[in-house]
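*Asks:* Now for the letters of each chain:
2 protein chains.
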Amino acid sequence: MRNPDERFMAECLKIAKKGAGYVSPNPLVGCLIVKDGKVIGKGFHRAFGESHAEVNAVEDAKRNGFDLEGATVYVNLEPCSHRGNTGPCAVLLKNEMPDKVVIGMQDPYEKVNGKGIKILKQAGIKVVEGVLQKECREFNKFFVNFVTKKRPFVTLKIAQSIDGKIALNNKDSKYITSESSRKIVHKMRSEFDAVLIGTNTAMLDNPKLDARLTKGRTPFRFVIDRDLRLPEHLEIFNDENADRTIIISSVKAIAGKRNISVRKIPVKQTHGRFSISDILNSLYEENISSIIVEGGMNLFSQFLNTGLYDDVFFFIAPKIIGSGISAFDDASIKNLSSAHELCLIDQKTIDNELILHYENVHRHS
Amino acid sequence: MRNPDERFMAECLKIAKKGAGYVSPNPLVGCLIVKDGKVIGKGFHRAFGESHAEVNAVEDAKRNGFDLEGATVYVNLEPCSHRGNTGPCAVLLKNEMPDKVVIGMQDPYEKVNGKGIKILKQAGIKVVEGVLQKECREFNKFFVNFVTKKRPFVTLKIAQSIDGKIALNNKDSKYITSESSRKIVHKMRSEFDAVLIGTNTAMLDNPKLDARLTKGRTPFRFVIDRDLRLPEHLEIFNDENADRTIIISSVKAIAGKRNISVRKIPVKQTHGRFSISDILNSLYEENISSIIVEGGMNLFSQFLNTGLYDDVFFFIAPKIIGSGISAFDDASIKNLSSAHELCLIDQKTIDNELILHYENVHRHS
Numbered sequence: 001m002r003n004p005d006e007r008f009m010a011e012c013l014k015i016a017k018k019g020a021g022y023v024s025p026n027p028l029v030g031c032l033i034v035k036d037g038k039v040i041g042k043g044f045h046r047a048f049g050e051s052h053a054e055v056n057a058v059e060d061a062k063r064n065g066f067d068l069e070g071a072t073v074y075v076n077l078e079p080c081s082h083r084g085n086t087g088p089c090a091v092l093l094k095n096e097m098p099d100k101v102v103i104g105m106q107d108p109y110e111k112v113n114g115k116g117i118k119i120l121k122q123a124g125i126k127v128v129e130g131v132l133q134k135e136c137r138e139f140n141k142f143f144v145n146f147v148t149k150k151r152p153f154v155t156l157k158i159a160q161s162i163d164g165k166i167a168l169n170n171k172d173s174k175y176i177t178s179e180s181s182r183k184i185v186h187k188m189r190s191e192f193d194a195v196l197i198g199t200n201t202a203m204l205d206n207p208k209l210d211a212r213l214t215k216g217r218t219p220f221r222f223v224i225d226r227d228l229r230l231p232e233h234l235e236i237f238n239d240e241n242a243d244r245t246i247i248i249s250s251v252k253a254i255a256g257k258r259n260i261s262v263r264k265i266p267v268k269q270t271h272g273r274f275s276i277s278d279i280l281n282s283l284y285e286e287n288i289s290s291i292i293v294e295g296g297m298n299l300f301s302q303f304l305n306t307g308l309y310d311d312v313f314f315f316i317a318p319k320i321i322g323s324g325i326s327a328f329d330d331a332s333i334k335n336l337s338s339a340h341e342l343c344l345i346d347q348k349t350i351d352n353e354l355i356l357h358y359e360n361v362h363r364h365s
Numbered sequence: 366m367r368n369p370d371e372r373f374m375a376e377c378l379k380i381a382k383k384g385a386g387y388v389s390p391n392p393l394v395g396c397l398i399v400k401d402g403k404v405i406g407k408g409f410h411r412a413f414g415e416s417h418a419e420v421n422a423v424e425d426a427k428r429n430g431f432d433l434e435g436a437t438v439y440v441n442l443e444p445c446s447h448r449g450n451t452g453p454c455a456v457l458l459k460n461e462m463p464d465k466v467v468i469g470m471q472d473p474y475e476k477v478n479g480k481g482i483k484i485l486k487q488a489g490i491k492v493v494e495g496v497l498q499k500e501c502r503e504f505n506k507f508f509v510n511f512v513t514k515k516r517p518f519v520t521l522k523i524a525q526s527i528d529g530k531i532a533l534n535n536k537d538s539k540y541i542t543s544e545s546s547r548k549i550v551h552k553m554r555s556e557f558d559a560v561l562i563g564t565n566t567a568m569l570d571n572p573k574l575d576a577r578l579t580k581g582r583t584p585f586r587f588v589i590d591r592d593l594r595l596p597e598h599l600e601i602f603n604d605e606n607a608d609r610t611i612i613i614s615s616v617k618a619i620a621g622k623r624n625i626s627v628r629k630i631p632v633k634q635t636h637g638r639f640s641i642s643d644i645l646n647s648l649y650e651e652n653i654s655s656i657i658v659e660g661g662m663n664l665f666s667q668f669l670n671t672g673l674y675d676d677v678f679f680f681i682a683p684k685i686i687g688s689g690i691s692a693f694d695d696a697s698i699k700n701l702s703s704a705h706e707l708c709l710i711d712q713k714t715i716d717n718e719l720i721l722h723y724e725n726v727h728r729h730s
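Sequences listed follow chains E and Z, in order. Each residue of the first sequence is one higher than the one before, starting from 1 at the first, in the numbering used here. Each residue of the second sequence is one higher than the one before, starting from 366 at the first, in the numbering used here.
Hint data in this document are derived by calculation from the structure and do not stem from the laboratory. No experiment lies behind these values; they were computed from the predicted model shown. Each hint can be trusted.
Derived SDA-like pairs (lysine to any residue); straight-line CA-CA distance at most 20 Å:
hint : chain 1 : residue 1 : chain 2 : residue 2
1    : Z       : Lys713    : E       : His357
2    : Z       : Lys539    : E       : Ala331
3    : E       : Lys174    : Z       : Leu701
4    : E       : Lys174    : Z       : Ser702
5    : Z       : Lys539    : E       : Glu341
6    : E       : Lys348    : Z       : Ile710
7    : Z       : Lys713    : E       : Cys343
8    : Z       : Lys536    : E       : Ser332
9    : Z       : Lys379    : Z       : Lys506
10   : E       : Lys62     : E       : Ser51
11   : Z       : Lys699    : E       : Asn170
12   : Z       : Lys539    : E       : Ser338
13   : Z       : Lys499    : Z       : Ser730
14   : E       : Lys174    : Z       : Glu706
15   : E       : Lys334    : Z       : Tyr540
16   : Z       : Lys713    : E       : Leu344
17   : Z       : Lys699    : E       : Tyr175
18   : Z       : Lys536    : E       : Ser337
19   : E       : Lys171    : Z       : Asn700
20   : E       : Lys174    : Z       : Lys699
21   : E       : Lys348    : Z       : Phe678
22   : Z       : Lys713    : E       : Asp346
23   : E       : Lys174    : Z       : Ala696
24   : Z       : Lys403    : Z       : Lys465
25   : E       : Lys268    : E       : Asp278
26   : Z       : Lys536    : E       : Leu336
27   : E       : Lys14     : E       : Arg2
28   : E       : Lys334    : Z       : Lys539
29   : Z       : Lys713    : E       : Asn352
30   : E       : Lys348    : Z       : Gln712
31   : Z       : Lys539    : Z       : Phe678
32   : E       : Lys171    : Z       : Ala696
33   : E       : Lys348    : Z       : Lys713
34   : E       : Lys17     : E       : Thr214
35   : Z       : Lys713    : E       : Ile355
36   : E       : Lys150    : E       : Pro108
37   : E       : Lys134    : E       : Leu344
38   : Z       : Lys699    : E       : Ser323
39   : E       : Lys115    : E       : Met97
40   : E       : Lys171    : Z       : Leu701
Given these sequences and hints, build the entire structure.
*Replies:* Laid out in structure tokens, this is it:
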């Protein structure tokens with residue numbers, strides 16, 4: 001059973017979740033103000049550039065006719081000490097003088113990193129740290145990863161048959177999984193900043209990579225096209241979200257051809273190839289805190305090989321394809337003990353299909 | 366909630382299960398005798414050739430000082446009308462005159478097939494049929510399949526990485542899955558009549574195919590070796606269960622070389638190959654009612670291709686291997702809608718590994 005602090009913290013996460021897909025690269029934050037066991041104000045960070053959860057919660061409490069004297073503030077992330085819009089949140093709370101501030105986790109962002117807590121403590125406010133800490137860190141894994149590793153959180157998403165085929169030998173891969181599974185993928189897309197695909201996948205599948213099966217927004221759609229050889233007619237260059245399509249290309253190609261009007265960002269080549277770490281670096285500079293890699297085999301294999309991935313989602317259709325194309329073509333494994341290990345952290349069944357959520361065993365290191 | 370009849374029938378299955386691995390090709394049968402809501406006798410079919418469940422239950426009731434007057438007999442399969450040892454069970458029950466006989470399922474074996482029920486009814490005994498019928502049929506799926514399809518029940522067992530590889534390119538496949546998963550395989554082996562493997566698997570893996578990780582008995586071990594080219598030193602030819610190893614070979618090879626002392630059975634060749642249906646036919650003639658096919662790729666692919674399989678168990682290790690050998694190499698699928706469909710009927714997680722039990726969607730047709 002959870003104690004009251006934990007219950008209120010869980011509620012913070014619940015309301016914070018409403019910002020998913022809109023706050024990046026900021027964290028998801030929810031804030032509750034509680035007096036005599038009752039919630040007198042609440043707020044969450046709605047979108048990047050808009051006011052922080054604490055500001056919204058304090059305003060809500062005031063609108064409800066309360067001040068913060070004797071109140072406890074619950075917030076899943078340390079209040080900031082550095083932002084200017086409405087003043088840093090730690091200063092805001094200091095001025096409102098609640099009795100206590102209960103915090104899920106310290107903010108790992110280098111400009112905060114304990115400074116917000118210090119402001120509160122120095123003002124004589126009681127601070128309780130680390131309530132549901134593990135859950136709070138996991139909840140904001142995109143943000144935590146972004147500020148600590150300085151690269152987007154990388155999820156590989158693989159739709160395959162039970163015998164591990166992502167496409168037939170004739171490249172047909174539409175659709176291995178059911179609409180119910182694809183709905184879940186669309187929901188994921190609506191919460192991730194971006195989707196990334198390779199040139200072959202763009203060419204062969206001509207995907208839309210949007211969130212049309214749910215009500216969410218379409219993610220940025222990054223497509224690798226080193227030599228700008230993708231045809232102009234592709235969906236992602238022409239649909240209603242074409243302004244959210246970005247081509248990752250070489251400096252040289254971008255300087256040359258200009259046939260496709262979508263944005264292009266240059267990545268340097270090493271031995272005629274892009275490295276995954278250079279691509280991730282470019283995405284980081286674009287403030288992309290989370291990506292879903294959606295194929296194909298070459299791109300999956302490069303991510304696998306570099307170890308630069310965090311989660312792997314397998315959507316497994318109840319089918320046997322036999323001869324076909326697998327998700328990975330990494331031939332570096334010479335004995336079973338050196339295979340890439342994953343940790344199974346969640347599984348669901350929907351319409352006879354399995355959704356398996358694995359973590360890179362090195363994700364937390 | 367189950368009603369009393371269903372609860373007693375479930376109890377019959379529970380005690381019948383103790384015969385698993387020993388009664389084949391007979392069915393698993395448990396019998397309860399109930400008077401005034403209390404069990405006064407019970408029995409099960411312990412082993413092929415030994416007395417039937419009904420005989421054991423009646424003897425047990427008598428040993429306990431009861432007769433069957435006014436009693437209800439529960440038995441998961443229709444009492445037989447044809448066996449001679451202690452007389453057919455339907456006749457035995459008729460002579461004991463219980464009030465009522467509650468039966469899980471009619472015996473599909475052509476020599477019974479309702480005749481046992483008829484004997485009881487004609488004697489004026491009340492008969493209730495079909496209690497937990499679906500469960501009873503599933504419970505005796507080996508037997509039901511054996512007498513209706515006249516071939517063994519075929520389970521394909523595949524241990525693979527999450528990306529669908531059963532071995533590295535260098536053929537290494539020992540061990541993809543954990544000891545906990547292998548324990549479950551050994552338990553399965555102890556309840557199946559036989560294991561079947563191809564020549565390459567015997568040669569490369571040199572497996573023991575026994576049940577050493579559990580307390581069960583070793584199954585018969587059938588190995589395909591058309592030209593009798595397998596080396597004499599293999600485990601299955603020399604271990605303590607060598608008398609349970611049988612080579613499936615060609616008529617010609619058997620007439621020739623005699624270097625290996627284990628039993629050999631001939632199967633005819635068509636265009637220089639064995640057909641799966643001929644192999645299954647030979648196993649049927651050997652009274653094998655259930656087999657686990659344990660590889661390799663060629664054998665799996667042939668079973669897949671002919672559709673002559675009932676269950677598929679995937680043991681999925683939380684590993685990505687990348688380039689390697691897949692379970693199936695069937696290149697007949699030209700579009701996704703014609704992929705081999707399975708039905709996911711059960712799943713378990715053990716030590717980060719998944720055990721997925723699928724059924725051939727055509728199994729019940």
